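We have chain A; now place chain B onto it with these hints.
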Amino acid sequence: MITAWQSILNLPEHTPHAVVMILVLIISYLFVVLPCSLIMAFMERKLSADLQARVGPNRSGPAGFFQPVSDALKLMQKVDSPSSNRAEAIWLGIAGMALYSTVAVLPLGSLILLVDTDMSVFLPFWGVIVLTFATLMMGLTQDTVSGWLGGLRTSLRGMAGVFPALIAVLCAGLPAGGFSWSHIAAAQSAAPYHWTAFNNPFGAISLIVFLMSGMIVLGVAPLDGAISFSELRGGTAAHLSGPKLGMFRLSRFYGMFLWCVMAVVLFLGGWSIPEGLTEALRDSNSFGVIVLIELFVLLIKTFAVMLLIVMFSQVTPRMRVDQVTDLNWKVLSPFSLISLVGFAFWTAWLHG
Amino acid sequence: MTSSVLSTLAEYFRDVFRGARSLFGSFMTALPYLLNVNSGDLRKEVTEQYPDPVSSKTADDLPPRTRGLLFNDIDRCSACRECEWVCPVHCIEVETQSVPADAKVWVSKFDIDFAKCIFCGLCVEVCQPASLIHTKQFEGSVYDVRDLKKSFGRGPIGEDQRRKWARAQALDEGREDPKRGEWPS
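From first to last, the protein sequence lines stand for chains A and B.
Under my numbering, the final residue of the first sequence carries the number 352; numbering is consecutive throughout.
Under my numbering, the final residue of the second sequence carries the number 185; numbering is consecutive throughout.
Bear in mind the hints are in silico, worked out from the structure with no lab data behind them.
Be careful, since some hints might not be right.
Stated by the list, open to error - Below, in silico cross-link-like pairs of lysine-lysine (BS3-like), each with a Cα-Cα straight-line distance of 30 angstroms or less:
{"id": "1", "chain 1": "B", "residue 1": "K150", "chain 2": "B", "residue 2": "K109"}
{"id": "2", "chain 1": "B", "residue 1": "K57", "chain 2": "B", "residue 2": "K136"}
{"id": "3", "chain 1": "B", "residue 1": "K164", "chain 2": "B", "residue 2": "K116"}
{"id": "4", "chain 1": "B", "residue 1": "K57", "chain 2": "A", "residue 2": "K74"}
{"id": "5", "chain 1": "B", "residue 1": "K179", "chain 2": "A", "residue 2": "K46"}
{"id": "6", "chain 1": "B", "residue 1": "K150", "chain 2": "B", "residue 2": "K136"}
{"id": "7", "chain 1": "B", "residue 1": "K136", "chain 2": "B", "residue 2": "K116"}
{"id": "8", "chain 1": "B", "residue 1": "K116", "chain 2": "A", "residue 2": "K78"}
{"id": "9", "chain 1": "A", "residue 1": "K74", "chain 2": "A", "residue 2": "K46"}
Quick caveat, the model's predicted, so the values are computed rather than measured.
Isolated chain A, as found in the complex (with noise of 0.2 angstroms):
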C-alpha cells in the first residue's frame, strides 16, 4: 500500500514510510475527512428541513451549501466565554485529539488503508471511549450544573452504548474471520447479496443495532437526550463557546461520518466495486483511479446511511437519557447477542 501511495504521489523510491504516512494522513483529512464532515453538517440541516416541510439553509452559496463554512468562520470570530478555563480547554484538546486520531485507521479504501492490524476495526472505539471520558471530563471542569450532569450522562449513555456496537463489530468479523478492514471488505463485494447485512439472516439486526448504538454514542437526535434537555441546555457544550464550540461541532459530524463509514465497511460491502474493474485498473497501474472509484462508492453508501440517520432522526420524539439507556441495554443489546449467535451459527454451518 505504501508502495502504491509512493506512486500516486510521484515521491522517490527511498522515501521513509513515516513520512508518506503523515503525507497521506493530510491529505486524507484535508479533502476527505474535512470536507465530508462539512458535507454532513449541511446535509442534516438541509434534509431535516425538507422532512418538516421548511426551507433550511437558503443563504451562503446556491442553496446554502456553504453555510457550515460561513458559521465555522463566524464562530472562529467569536471572542471565548471570559470563563473558560484550562482544564476544560485541554480536556476539549483531548477529546479533539482522540477523535481525530481515528483518521489513521479510517478505512476509505483499499489502497489508503495505513494501519491495518488485526485488531484495526476496534481502533476507532478506542477514540470513542476516550471522547466519552474527556467529555465528561470537560463537564466536570466546567463548574455548571449543565456541565456537570451533562458530562455525567454523555459518559453514562457513551459507555452504554459501546457495548451493543461492539458485539455487532464481532458480528461483523466473524464470516470475515477476522477484524482487520482488509479482512472485512475482503468477505464481501459489489453485489448486494454478497454484503454481510443481507448475505445472512442475521445482518440486517446487526446493522440496526451498530447504527442506533452509534446514534446513542455520539448522541444524535432523538437519542441525544443526554445533553437536549431544557435543564441541560446543551450539557457540556452550553459552555463552550467561539472557536472551541466549533471544534466541538466539527468533531460531533465527524464522529457520524466515522460511524456512518464503519457502519458500511463492515456491513455493507465498503468500497468494493466489481472484481474485474480492479484488476484491469491494477494492471495498468492507476492507483489513482482505483482510490478514487473506490472513495466515490464508499461516499455514496455513506451518505445514503446518513439519510437513514437523518430520517429516523426526524420522524421520532426525543427520548429522555433513561430511555435512551433502557433502549441500549433492554433492546439493542440482546438483540445484539442474537445477531452474535446467529451469526456464530450461521458461518459454522457455512464453512463447517
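Okay, now just chain B, sitting in the frame of chain A:
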C-alpha cells in the same frame, strides 16, 4: 399477577415489533416530504423569506397587516392618549401644550420607545383618527438603545407659532386686514 417466562418473552418481542412497525410507519410518512411529491398541499414550505436582495423581496411584499415599526401622522393626531393608556408596556409618552381656544391640539411630545414596544398593535386599533399606523419597516437595530426612542411630536410651541396664532385670531376678529394672498386659518 405472575406470568410465565415465555409470555414475558413474547410480550417483549411484541413490544419491540410494535416499536419497529411504528418507526417504519413514521419513515413512510416522512418519505413524501423528502421526495417533495404532492407539493401542493400542506407539505409545501410556507417559510416566509427574509426581504432582501437574495430573496428579491422588499418590505412592501410583506403581508398587508404586517406589524412593523409604528408611525404617527402628527397632523392627524388628536392627542386623545388612548394609545398611551392601552399600551401594555407603557412605551408611548404623549404630552400636549395649551393652545388658543380654536386652534388644533398641539402635541408637543409623542415618543415611542421601540426598545419596549412589543408590536401588539393595540395602540393602532384604538387610534380614532387613524393617525398611528404600522409601517412595514422591521429593521430597527441601532448601536445605542437610546436611539430606539422615536419622537413624532411637534416639540414645544415656538415664538413663530404663537405669532401665527395671534395673527389668525386678529384676522378672525377683524382687528387686522388680511394681506394679499393670506387666508384666515
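* Which numbered hints does this structure break? -> The structure breaks hints 3 and 5; every other hint is satisfied.
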